[in-house]
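K.L.:
As a plain string of letters, each chain reads:
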Amino acid sequence: MPDATTPSRPKGTTTFQLTVRRFNRSPLAKIGGVIVLFLFVVTVFAPFFAPYDYNRTRLGMVYIPPQRVHFFDEAGQFHLRPFTYALTPDMDPDTWRRIYTEDTSRRYPIYLFVRSWEYRLFGVFTSDLHLFGTEEGGTVHLLGTDKLGRDLLSRIIFGGRVSMYVAFFGALVSAFLGAVIGAMSGYYGGAFDAVTQRIIELLLSFPTLPLFMALSVAIPVEWPPFGVFLGIIGIFSLLSWPVLAREVRGKVLSYREEEFVTAAHAIGAPNPYIIFKHVLPNVISHVIVILTITIPELILAEGALSFLGLGIQPPMVSWGVLLSDATTLETLGRNPWIMLPGIAILVTVLAFNFLGDGLRDAVDTTSHL
Amino acid sequence: MTAFILRRLVYALPTLILISFFSFVVINAPPGDYMTTMQATLVSQAGMSPGEARALVQQMREAYGLDRPFLVRYGQWIGNIVLSGDFGFSFSFRRPVSEVIWSRLGMTLLVALLAHMFSVIVGVLIGIYSATHRGSLGDSAFTVLAFLGLSIPNFFLALVIMYVLVFNFGQHVGGFFSPQYVIAPWTWGRFVDFLQHLWVPVVVVGTAGTARNMRVMRANLLDVLNSNYVRTARSKGLSERKVIYKHAVRNSLQPIIMYLGVAMPFLLSGEIVTSAVLNLPTMGPVFLNALVTQDMYLAGSFLMLLAVVLVISNLLADIVLGWVDPRISYA
Numbered sequence: 017m018p019d020a021t022t023p024s025r026p027k028g029t030t031t032f033q034l035t036v037r038r039f040n041r042s043p044l045a046k047i048g049g050v051i052v053l054f055l056f057v058v059t060v061f062a063p064f065f066a067p068y069d070y071n072r073t074r075l076g077m078v079y080i081p082p083q084r085v086h087f088f089d090e091a092g093q094f095h096l097r098p099f100t101y102a103l104t105p106d107m108d109p110d111t112w113r114r115i116y117t118e119d120t121s122r123r124y125p126i127y128l129f130v131r132s133w134e135y136r137l138f139g140v141f142t143s144d145l146h147l148f149g150t151e152e153g154g155t156v157h158l159l160g161t162d163k164l165g166r167d168l169l170s171r172i173i174f175g176g177r178v179s180m181y182v183a184f185f186g187a188l189v190s191a192f193l194g195a196v197i198g199a200m201s202g203y204y205g206g207a208f209d210a211v212t213q214r215i216i217e218l219l220l221s222f223p224t225l226p227l228f229m230a231l232s233v234a235i236p237v238e239w240p241p242f243g244v245f246l247g248i249i250g251i252f253s254l255l256s257w258p259v260l261a262r263e264v265r266g267k268v269l270s271y272r273e274e275e276f277v278t279a280a281h282a283i284g285a286p287n288p289y290i291i292f293k294h295v296l297p298n299v300i301s302h303v304i305v306i307l308t309i310t311i312p313e314l315i316l317a318e319g320a321l322s323f324l325g326l327g328i329q330p331p332m333v334s335w336g337v338l339l340s341d342a343t344t345l346e347t348l349g350r351n352p353w354i355m356l357p358g359i360a361i362l363v364t365v366l367a368f369n370f371l372g373d374g375l376r377d378a379v380d381t382t383s384h385l
Numbered sequence: 007m008t009a010f011i012l013r014r015l016v017y018a019l020p021t022l023i024l025i026s027f028f029s030f031v032v033i034n035a036p037p038g039d040y041m042t043t044m045q046a047t048l049v050s051q052a053g054m055s056p057g058e059a060r061a062l063v064q065q066m067r068e069a070y071g072l073d074r075p076f077l078v079r080y081g082q083w084i085g086n087i088v089l090s091g092d093f094g095f096s097f098s099f100r101r102p103v104s105e106v107i108w109s110r111l112g113m114t115l116l117v118a119l120l121a122h123m124f125s126v127i128v129g130v131l132i133g134i135y136s137a138t139h140r141g142s143l144g145d146s147a148f149t150v151l152a153f154l155g156l157s158i159p160n161f162f163l164a165l166v167i168m169y170v171l172v173f174n175f176g177q178h179v180g181g182f183f184s185p186q187y188v189i190a191p192w193t194w195g196r197f198v199d200f201l202q203h204l205w206v207p208v209v210v211v212g213t214a215g216t217a218r219n220m221r222v223m224r225a226n227l228l229d230v231l232n233s234n235y236v237r238t239a240r241s242k243g244l245s246e247r248k249v250i251y252k253h254a255v256r257n258s259l260q261p262i263i264m265y266l267g268v269a270m271p272f273l274l275s276g277e278i279v280t281s282a283v284l285n286l287p288t289m290g291p292v293f294l295n296a297l298v299t300q301d302m303y304l305a306g307s308f309l310m311l312l313a314v315v316l317v318i319s320n321l322l323a324d325i326v327l328g329w330v331d332p333r334i335s336y337a
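Going line by line, the protein sequences match chains A and B.
The opening position of the first sequence corresponds to residue 17 in the numbering used here, with each subsequent residue numbered one higher.
The opening position of the second sequence corresponds to residue 7 in the numbering used here, with each subsequent residue numbered one higher.
No wet-lab data here; the hints were simulated from the structure.
Bear in mind that the values here come from a model prediction, so they are computed numbers and not experimental data.
There may be inaccurate statements among the hints.
Claimed, not checked - Partial selection, computed: residues in chain A whose CB lies under 7 Å from chain B: (1) Ala230; (2) Val233; (3) Val237; (4) Gly349; (5) Val365.
Unchecked claim - The following label-pair restraints were derived from C-beta to C-beta distances: (6) B:Pro75 - A:Ile215: 18 to 26 Å; (7) B:Val268 - A:Val211: 22 to 30 Å; (8) A:Asp209 - B:Ser50: 51 to 59 Å; (9) A:Thr104 - B:Gly180: 32 to 40 Å; (10) B:Tyr251 - A:Phe276: 28 to 36 Å; (11) A:Asn287 - B:Leu154: 42 to 50 Å; (12) B:Val31 - A:Val196: 22 to 30 Å; (13) A:Leu188 - B:Leu12: 56 to 64 Å; (14) B:Val31 - A:Gly243: 19 to 27 Å; (15) A:Glu238 - B:Val31: 19 to 27 Å; (16) B:Val330 - A:Glu238: 48 to 56 Å; (17) A:Glu152 - B:Ala225: 56 to 64 Å.
Idealized CB from N, CA, C, for every residue including glycine.
Bound-form chain A, shown alone (with noise of 0.2 Å):
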């Protein structure tokens, strides 16, 4: 308890809580982190959540329609529990296609945390606990089968975690490199700056998505699925950064001439030090911004280099390889759940553009709502 002669701070709000404040004024930025938050979840902890193993064939069970989760039996009869009816295939006799017939007289309950196939969860735990699932013998393919009958629902959640992790890892790294040059840039200035507001101009003159295709081509075919994933990682990451470092440069110039780096130059902090600790932290609200905004459009990028067939390679899956099956009309005519994907990959970035958004109005804490 502060006594009469330590004067008490000053009762007043910090940039940090009027940040809060203004984010939490934005029903939409609150949604988008929400979605956000729970697409990690998701898709960190994948294998739990997917009722199937994403790359188990089984030929028996190609294309089906997205399964009727019933609360309601043949009968009428209520049930708390729901259940899904077993499915018998068929042929269409006029269309020589597979059809697939409910059949009402065997029921499959849906369980909570059931225990099915096993997985490792980053690598280290085995388990074999899974989110929901039916008995042996029945089926939950909420969102339908692909070509091969694999789970729709359980490859977009693993095709979820690719396309996020590779988002938000070159998102990551790309707001570091932007960052640490732009500040460098920005505080050192004369032939490092000269060079280096060269590249970005050269950089920034390329439309990013055909210049991704070219670097993508270069991945050698030979690698690992992996192996492509850390690439596509490096080319986003490569190139995605001058967008920052121009805007942290900007920054960075302005704050050079404060007093506090003045002060620090005159105790005889060295540089580096004074750009990580006094400069940069200046900028880094910035930075976080402008992290939320790169990730949606990397998660585009990916989407459309994958589907055009230069990005992730298959057996490993993401939105855009899964959407990559959807390409002829004819499939898509059959089978249009298997356009589903595109639906998460405009989730996952309209929650991040709602982030995005209410994150950069809520750091500018000069100006008025």
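With chain A's structure known, arrange chain B on it following the hints.
P.N.:
Same frame as chain A, but now just chain B:
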């Protein structure tokens, strides 16, 4: 004015040289070259023995100068472009690169420019409506739509439109013409058919830009409507219509015009993905194919042209900006 343009051109020169060099580096980054692709084809499809194929391919490498050092090849490529407008030879088309690009550039530019016009006109009009009806139901609806437009992947939007048109309306989609009109001479029917195909890529490519323009226009107009000179205009009794269109809108157009220059290559890159989905005879599929088969002069020239278009359109945007906004001087 002329001095300004000349100065900007001179300033752009080193950038252009760097662009061309960087494009060449990027295109040469993949291991092997087109002849590697060809060697594999010769063995698998023409039934040559690996030794024969290697010898033939080596011979062709020498003929096309692909065995020379990197810098020499770059020097020849850029020298021919500057001196004689020769962009090199496209191995997969067996024609000069410039012929391949020119034959498809028209349609590519048509789609990109129409998408550009679409996004500017629609974006600005909706932006004006949203700003003048702030907080209304229409404003909220358009704001949500704008977020959707910014977030939907091009290729997914193309897929969805294609699906709806084909299976709900029974229309032919893909390419620029229905099968019966592809090689027919121009008639009214063919023209209508052309328009029926054209709007799909235009809308798909223009969606993100429309959403962006709308948001920028709305934010700007709201700012301007709060300024003193607008209050003056209102208080002297001008009609609301005049206040908005004659005073406020003109001043909020500036960032839209600045964006005109930046947007062009992005439209072209959106066009690449969209035309791959819709199977359009434009530059998109050609570029994609050139990258995959390492038809390097074709891919490199197109990549370079994209960047050059950006530099030029930025210059044009600067000139237009000065023309619209008298506060900007060319000194």
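K.L.:
If a hint holds in the structure, say so; if it does not, say that too.
P.N.:
These are the hints, each one checked on the structure:
The restraint placing Ala230 (chain A) at the interface with chain B holds, with a minimum CB-CB distance near 5 Å, inside the 7 Å limit. Satisfaction of the interface hint for Val233 (chain A) is found here, the shortest Cβ-Cβ separation to chain B being roughly 5 Å, below the 7 Å cut-off. Contact between Val237 (chain A) and chain B, as hinted, is not supported at the beta carbon level, the nearest pair being about 9 Å apart and thus beyond 7 Å. Using the Cβ-Cβ criterion of 7 Å, the hint placing Gly349 (chain A) at the interface with chain B is satisfied: the shortest such distance is roughly 6 Å.
Residue-level restraint check for Val365 (chain A) holds (minimum Cβ-Cβ distance to chain B is 4 Å; threshold 7 Å). As the Cβ distance of Pro75 (chain B) to Ile215 (chain A) is approximately 24 Å, the hint placing it in 18 to 26 Å holds. For the pair Val268 (chain B) and Val211 (chain A), the beta carbons lie near 24 Å from each other, so the given range of 22 to 30 Å is met. Range check, Asp209 (chain A) to Ser50 (chain B): Cβ separation about 53 Å, and the 51 to 59 Å hint holds.
A beta carbon spacing of about 36 Å between Thr104 (chain A) and Gly180 (chain B) agrees with the range 32 to 40 Å that was offered as a hint. Checked against the hint of 28 to 36 Å, the C-beta distance between Tyr251 (chain B) and Phe276 (chain A) comes to roughly 48 Å, which is inconsistent with it. Against the hinted window of 42 to 50 Å, the Cβ-Cβ separation of Asn287 (chain A) and Leu154 (chain B) comes to about 46 Å, which satisfies the hint. For Val31 (chain B) paired with Val196 (chain A), a C-beta distance near 24 Å keeps the hint of 22 to 30 Å intact.
The supplied range of 56 to 64 Å is broken by Leu188 (chain A) and Leu12 (chain B), whose beta-carbon atoms lie about 44 Å from each other. Range check, Val31 (chain B) to Gly243 (chain A): Cβ separation about 22 Å, and the 19 to 27 Å hint holds. As the Cβ distance of Glu238 (chain A) to Val31 (chain B) is approximately 22 Å, the hint placing it in 19 to 27 Å holds. At about 54 Å, the CB distance of Val330 (chain B) to Glu238 (chain A) agrees with the hint of 48 to 56 Å.
A hinted range of 56 to 64 Å for the beta carbons of Glu152 (chain A) and Ala225 (chain B) is consistent with their spacing of about 57 Å.
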